[in-house]
Amino acid sequence: MFNYTIRRLLFTVPTLLLISFIIFLLLDLAPNDPTGNLPMTITPEVREKIRISLGLGEPIHIRYLLWLQQFFVNEPLNLIEEWWGIQIGDAENRLRVQSWATRSPVVDLVVERMPQTLWVVGMSYVVGILIALPIGIISAYKHYSWFDQIGTFVSMVGFSIPTFLTGTVLIVLFSVLIDSSSPFWLPSIYDTTHRVTDWSSFVVQVKQMAMPVMVLALFNAAQLSRFMRASMLDNLSQDYVRTARAKGMKERVVLLVHVLRNSLIPVVTVIALGVPQVFGGAIITEQIFKVNGLGQLLIIGVQGADIPLVQTLTFIFAVLIVLFNLIADLIYGILDPRIRYD
Amino acid sequence: MGTASVESVLEVNDLKTVFHTQDGTVHAVNGVSFALNAGELLAVVGESGSGKSVTMMSLLQLLPSPPADIVSGTVDFGGANLLELTPAEIRQFRGARIGFIFQDPMTSLNPVFTVGFQIMEPLREHMGMSKRAARDRAIELLELVGIPSASERLNDYPHQFSGGMRQRVMIAIALACDPQVLIADEPTTALDVTVQAQILELIRDLRQKLGMGIIWITHDLGVAAGIADRVIVMYGGFIVEHAPVDELFHNPRHPYTMALLHTLPGHDGGEASRLRSIGGQPPDLIQPPLSCPFAPRCAHAFERCGRENPPLRALRDAHDVACWWDTDKGEEWS
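The listed protein sequences derive, respectively, from chains A and B. Each residue of the first sequence is one higher than the one before, starting from 1 at the first, in the numbering used here. Each residue of the second sequence is one higher than the one before, starting from 1 at the first, in the numbering used here.
Don't take each hint at face value.
[Unchecked claim] Stretch-level coverage of chain A by chain B, calculated; a stretch enters the list once three of its residues show a Cβ under 8 angstroms from a Cβ in chain B:
1) 227-241
2) 254-268
[To be verified] Computed list of chain B residues with no C-beta within reach of chain A, every gap over 10 angstroms:
3) E7
4) D14
5) G79
6) L144
7) A150
8) D178
9) H219
10) T263
11) R276
12) S291
13) R297
14) R304
15) D317
16) T327
17) D328
[Claimed, not checked] Computed from the model, here is a short list of chain A residues facing chain B with C-beta under 10 angstroms:
18) K247
19) A328
20) L335
If you're looking for bench data, these hints aren't it; they were derived computationally from the structure. For every residue, glycine included, the Cβ atom is placed at its ideal position computed from N, Cα and C.
Use the sequences and the hints to build the structure in full.
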């Protein structure tokens, strides 16, 4: 397994280089202009100078190589310097990947936005899993019961109604129709500057997270509970389940030890593959609830033709996807003894 | 048949099991009665769908309900009627006092748990053994069923065993708690002939050592002839004939049994002849069992066979048959 992991990690290097190059090419081909958002009074000559100052005068391969250097050499060096408080070489003149729009280093922006995304989107993923697994298990065990029927209906609704609809419906219900003095009132705008220091500020944080988390959790749970149910049903009809019952094992043991362990194998893979999407943020939900997370950052970058920002963010997502693919494969090998990678 | 002898460990009376399906009610077992004596090997033969497995699964309430429904009958085992027990009570019998071996060893073991874990489970559940004691007993059991270097193989997963070895593991699990009755549901059907012979040898051997009653379901008459004390022939959810093994093979009385024996390929070294078969189709179990199920395929069938279901009647010592035709006299039974 260790050798396999190392081999797979080495394979990720060319994969990621290729991905980064393709992203770079795609963004370069896109018909956009970093000066497009500037006032109309700025003359074309000045605009051209701005473009050249941004480095757009260089040919594409030079720009790509410079980005590679900035991202893979300068940024890690900068991180090391910050962590250990040391200085390596000519730190003053070392160029970091800079956002064209804000002129601040892209990595700093990402670090700034990460907590909101992890809190809201990450929490919704965890809540979604915690809802989905029991629903899937019970639905499969009580196949075609009223519980299963309701579960199926809710999943269908949760999966087919887009988050911008459930989000706005929740806002109407909990922020508009309910009076703001009521304990059930929830804020529709996420306050990023809010700091949790005591119990009451914690309650405020929970309240402002509640709606975006609910919206995303419903969507995630809808999908996962179907996977869980299908996987449980597959396994419930297997011969080994009959064997476990014939051995006189308790129904709880049959279900939660014998069947669940087998059923989790494909589900855990799906869960692991979904984690990169958490970091990617839920672009629409973040927009609705004004959560300024990574998804919103990406949208701003795309709108302003902020190519270094979009390039770097997209590439970070690509790294996460490749990484979690590997993690999913490794978990698969751990859960299923029939799969050995050596 | 159905006469309770003093030494019988398991007695089944008038067992009826149906399946409620969308196409109608399937009458899988239609009033089956038999008794199993201590230390005896009772073979149950019949074609697919004759109700052999459903009968045995009904005994321990192992059929999924719905669709399965045990309509009537009693199963006496150790003074209790197994069919009346609650799920919690029947669990005390499953795997503890009645062991079960299934047909396909490739799928009957859980692929993600070690063989040791799966053998130790019933030991810890029913005998309340500590982990250590259960482990020692598991090693003992694996050695008993002839698995070499048992203590190391305890940590192996089922996929690391061959088909025959897996069936040995299944047997070890079934024997774990020293059951009084072992029910083997076509345990050698999925195995190749040499492995089959080894498993049969193992069962013969274990039977002598442990002295338990065994019900052996098979559709292989050769296996039944080689291993059984008594044989029950089932057709369409009925017991159609029941006799000691020699009697059944030398003096079959039911037209189905006779036809079945006739289909066995001979090995007299002569010119290879075509395989013989019984003409017609197996009975449609959706129809309520109001007539002899074998009548449409029977050479001796007459008007009464389509009108009335023949009861199981005693012919001579321990030989019962369910047929309106008297083969000895060549006329309707009276």
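Outcome of the hint check:
1. 227-241: holds (count 3)
2. 254-268: Contact hint for the segment 254-268 of chain A vs chain B: holds, 4 residues under 8 angstroms.
3. E7: The claim holds: B/E7 sits with its nearest Cβ about 25 angstroms from chain A, beyond 10 angstroms.
4. D14: B/D14 is indeed farther than 10 angstroms from all Cβ atoms of chain A, at 24 angstroms.
5. G79: Given a closest Cβ separation of 19 angstroms, the condition holds.
6. L144: holds, 17 angstroms
7. A150: The claim stands: B/A150 keeps its Cβ more than 10 angstroms from every Cβ of chain A (closest is about 19 angstroms).
8. D178: holds, 13 angstroms
9. H219: holds, 18 angstroms
10. T263: holds, 29 angstroms
11. R276: holds, 33 angstroms
12. S291: holds, 33 angstroms
13. R297: holds, 32 angstroms
14. R304: holds, 41 angstroms
15. D317: About 35 angstroms separates B/D317 from the closest Cβ of chain A, which puts it past 10 angstroms; holds.
16. T327: Label holds. Min Cβ-Cβ 39 angstroms, cutoff 10 angstroms.
17. D328: holds, 42 angstroms
18. K247: With Cβ-Cβ at 4 angstroms, under 10 angstroms, it holds.
19. A328: Violated: closest Cβ of chain B sits about 17 angstroms from A/A328, beyond 10 angstroms.
20. L335: With a closest approach of 7 angstroms, the A/L335 hint holds.
Of the numbered hints listed earlier, the single one contradicted by the structure is hint 19.
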